[in-house]
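Required output: the full structure, derived from the provided sequences and hints.
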Amino acid sequence: MSPVSRGFLGRRRPAVDPSRLPPGQYVETGFPVLSAGPTPHTPLDEWSFLISGEVDEPVSWPWKDFLELPTEDITTDIHCVTKWSKFDTHWKGVRVDTLLGKVHTEAAYLTAWSDGGYTTNLAVEDVNDGKAWVAYLYDGEPLHPEHGGPARLLVPHLYFWKSAKWVRGLTLTVDDEPGFWENYGYHNHGDPWLEQRYQGD
Amino acid sequence: MVEIVEETARTKSLLLKMPDWPSGYRSGQHVDVRLTAEDGYVAERSYSIGSAPEDEHLVLTVERLDDGEVSPYLVDVLQPGDELELRGPIGGYFVWEEALGGPLVLIAGGSGVVPLRSMLRHWTATSRAVPVRLLYSSRRLSEVIYRDELLGYSKLDHVEVRFALTREWPDDFQGHRGRIDEALLDEVAGPPSGEARVYVCGPNGFVEAAASWLVHLGHDPSRIRTERFGPTGT
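So the protein sequences, as listed, match chains A and B.
First residue of the first sequence: 14, per this note's numbering; consecutive thereafter.
First residue of the second sequence: 5, per this note's numbering; consecutive thereafter.
Simulated restraints on C-beta separations:
# : chain 1 : residue 1 : chain 2 : residue 2 : range
1 : A       : Gly20     : B       : Lys159    : 37 to 43 Å
2 : A       : His54     : B       : Arg68     : 32 to 38 Å
3 : A       : Leu207    : B       : Glu58     : 34 to 40 Å
4 : B       : Ser197    : A       : Asp142    : 45 to 51 Å
No lab work stands behind these hints: they were computed from the structure.
On a predicted model such as this, the values are computed, not experimentally measured, just so you know.
Note that CB positions come from ideal geometry on N, CA and C, so glycine has one too.
Right, here's the structure in full:
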């Protein structure tokens, strides 16, 4: 139980539906940017998406082929470990199921890797069955580089650092291998409803 | 909390005595501050640490955001003697410690100077083996945080502190007038080298511009570490 902060009243927002706001989060209407380094700008003619690692045969799609894959429109709430949540964000992207469906794999984990060197680890069961996408439109517009364009992973049921910006591929792995922030003290799984922010949560 | 230092009209440093922090912290890390109302309502935000690990007190330097929930409490209500609930230290990437070497290049916009000041203090408290350069952009002189301390660094060897003021400046202002630009960053950061450690902290638009220019000037993106706050301009 936390001690009471003398004189703190708080600024409640009764309009917020508590069933939509995970513990410790507040509602943000802007779209903050958090990135550990400079924003990469990979030309689309040099861009491709690769499924590799513990698979029978790696598959890759150049940008123009990636755009031919079936897409979904997604409206979802997103939750950043730095405490902001943003409701009803609109995306268009390719289901991760569609991408993983092109390979045969028994692997239970994967590492998403990005231009600029970022990585994050996920269990396959956290990205299958319509739980994750590779998104390239935001609000009907090409995804801005600061927010991860040309394409980012979208795994809205986990804290947003798992939704790797500038994603270029998924590497299937037998073992769960911690990614960038997971190696710097953040939680390995990152479920906002369990408030899995940092190691030990 | 043991003491408040008024840094600017909107910004105060809170000096905290930590009863139990076994592992210490590193320059550049932050803490989560948790406020709890009498009925159990909780609000939490993250704040960069402004002190160095060698300092006696943990310092949080907080800018009051007019539409904020936690910062107005920290700046206007919290008094010496009050207790504050913290979690941390958090973050292992945007940190500098002596072993990482340099030259150390620090680029700050507004209250983004806070974690970089921690790095400067850590540098000062250790062997000062690598040169340090700080470029700090503010709107006007009255909004410069840690002004006297930062001016004092210029008297030390191997440190260079440069100010930029974007909105107003005194007639005799010696620093950069207007927004920072690529040419100024080139001067401050020096020629790209495999040794440099570059830290950029500030509002997102500032960090995005500065980091992009540094990459364009030939600096290795993997040696540029950024910390950003606020939404995109678009």
